[in-house]
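Each residue of the sequence shown is one higher than the last, beginning at 1 in the UniProt record's numbering.
In case anyone wonders, no lab produced these hints; they're calculated from the structure. Be careful, since some hints might not be right.
[Stated by the list, open to error] Think about it this way: if two alpha-carbon atoms lie no more than 20 Å apart in a straight line, the pair counts; the simulated PhoX-like pairs of lysine-lysine are:
1) 22 with 88
2) 22 with 35
3) 10 with 22
4) 22 with 33
5) 368 with 309
6) 10 with 33
7) 91 with 35
8) 231 with 343
9) 91 with 33
[As the list claims (entries may be wrong)] The following label-pair restraints were derived from C-beta to C-beta distances:
10) 210 with 310: 44 to 54 Å
11) 362 with 23: 31 to 41 Å
12) 314 with 277: 33 to 43 Å
13) 332 with 66: 32 to 42 Å
Just so you know, these numbers come straight off a predicted model, no measurement behind them. Ideal placement from N, C-alpha and C gives every residue a C-beta, glycine not left out.
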Amino acid sequence: MAVEMETPIKIVAIGLDLRSTKRLSTIFTVIYKGKCELSEGVEAVLAIVDLDGSADAWSLYQRQYSGLPVIIMSETIVEIEGAIFISKPAKLDPLWECIYSLANTMPKSTTSEHNVGNGKDTKGEDNNKIKANQSLLDSDDSHLASTQNLIKNSINDAAKAMDVKISANSSCPNIHSAKNSHEGESIYFDLDSYLLGHLISIVNDDNHQNCLIHIHCWLDRLLILNTGEGKAYTNLSDSQLKYLGVVPCKKDFTIEDNSGIANSESSLEKNNSQLRVVSIEYLLWDLTLRTARGRVPQGIDLTRLYYLKCWPNFPRLPNTPHGMRIASVWVNNPCRLDDIAEKLDIPLADVYTFYSATFAIGFSGLAKRKADYLVESPVLAKKESPKRGLFASIIRSLVHSGH
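Let's have the full structure, built from the sequences with the hints guiding it.
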């Protein structure tokens with residue numbers, strides 16, 4: 001946490017009681033060495049919202065501070081688009097990393113334009129902030145280039161913050177429970193809204209077979225799919241890939257499919273030393289773990305039977321919770337996803353994520369054979385050990401005791 005700051009990061013705390021607010025203020029002063037401090041109104045550059053505190057904490061944030069980057073805190077996992085989640089009690093190092101990354105995500109020249117409080121401009125910025133922004137005002141001749149650099153830096157910082165979010169909770173992607181308060185919406189995701197949907201469409205398109213597909217991400221990030229060899233080349237960092245997996249594709253994150261330069265090896269030869277290579281199967285599976293997070297693509301009818309046509313090559317795929325157990329029950333045995341979770345007594349979210357991953361690489365799909373629907377789907381009951389009578393139990397205990 002040895003980071004030099006010219007001025008403290010000003011943070012507004014929402015939903016915290018008086019005791020929690022004082023404790024947070026002490027942490028900022030003593031542990032973080034005054035690098036951040038509690039503030040309110042137009043001075044704040046980010047918000048911390050305790051969802052377990054005041055019932056209207058989130059509504060208050062949306063009404064008065066919706067323009068600020070936000071960290072949400074709760075004892076249970078909560079996912080809100082655009083917010084960074086920290087579980088309670090918060091660990092100090094991950095909390096600081098999130099604060100520092102989010103404070104630097106927004107360009108400094110626009111921090112005074114957040115929709116905060118009464119919406120007034122912060123013309124009374126102190127001299128330190130004016131000097132910090134002066135370099136941006138002096139670069140009018142190269143406005144476009146500087147803007148692109150700001151976008152790139154913002155994306156990289158946001159990606160790091162997202163990486164902290166994932167690592168702060170577990171070593172695996174954040175797979176939420178299907179028992180969320182937004183249950184009706186949380187079990188489905190729009191595949192076409194994410195990078196994953198674009199990649200699946202490209203890989204499954206017959207016109208893109210045996211050629212190179214160039215996808216440009218942001219300013220200088222590149223993803224090349226060699227569909228003929230089943231390989232992907234990229235200079236995207238792991239944090240950036242995670243970010244692209246979690247955040248829906250918006251105007252801020254332009255992804256361009258340059259399939260027109262398909263049969264050219266020039267990009268691979270030119271950037272060979274800068275690109276790392278993974279299998280397309282690994283890439284799709286990894287992105288699905290980030291994107292699905294306990295959900296299935298829209299259009300999936302969970303009352304129908306689905307098949308797993310073959311055993312995934314788990315040693316060459318990212319770690320997947322309960323992956324082998326799910327596959328052992330499901331392979332060559334069409335059944336409902338909910339039945340698999342009940343049979344194995346595992347979270348339904350893990351089964352949904354596994355299905356989404358196998359769907360992405362073409363290993364699973366809707367069972368359409370008439371034979372699969374002739375009889376009711378077999379009940380996948382749990383195996384129970386046979387019950388012994390009292391006399392048998394006594395004899396067994398005597399034998400083991402040596403009598």
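Are residue 314 and residue 277 spaced within 33 to 43 Å by their CB atoms?
violated, 20 Å
So does residue 362 sit 31 to 41 Å from residue 23, Cβ to Cβ?
violated, 51 Å
Taken at face value, is the distance from the CA of residue 33 to the CA of residue 22 at most 20 Å?
Answer holds: residue 22 to residue 33 is near 16 Å, not above 20 Å.
Range agreement (Cβ of residue 66 with Cβ of residue 332, hint 32 to 42 Å):
Once the Cβ atoms are compared, 51 Å apart, the range 32 to 42 Å for residue 66 and residue 332 is violated.
20 Å Cα cutoff - pair residue 22, residue 35
holds, 16 Å
Holds or violated: residue 368 and residue 309, Cα atoms, limit 20 Å.
Holds. Residue 368 to residue 309 sits at ~13 Å (cutoff 20 Å).
Mind checking the hinted window 44 to 54 Å against the Cβ distance between residue 210 and residue 310?
violated, 23 Å
Does residue 91 pair with residue 33 here, judged by a C-alpha cut-off of 20 Å?
Answer holds: residue 91 to residue 33 is near 16 Å, not above 20 Å.
Hey, residue 10 versus residue 33, does the alpha-carbon distance stay inside 20 Å?
Roughly 14 Å separates the two Cα atoms, so the pair holds.
Quickly compare the C-alpha distance for residue 10 and residue 22 to 20 Å and report which way the hint goes.
holds, 15 Å
CA of residue 22 to CA of residue 88, is that 20 Å or under?
Judged against 20 Å, a Cα distance of about 16 Å means the pair holds.
Verify the proposed pairing of residue 231 with residue 343, using a straight-line Cα cut of 20 Å.
violated, 36 Å
The structure shown violates the earlier hints numbered 8, 10, 11, 12, 13.
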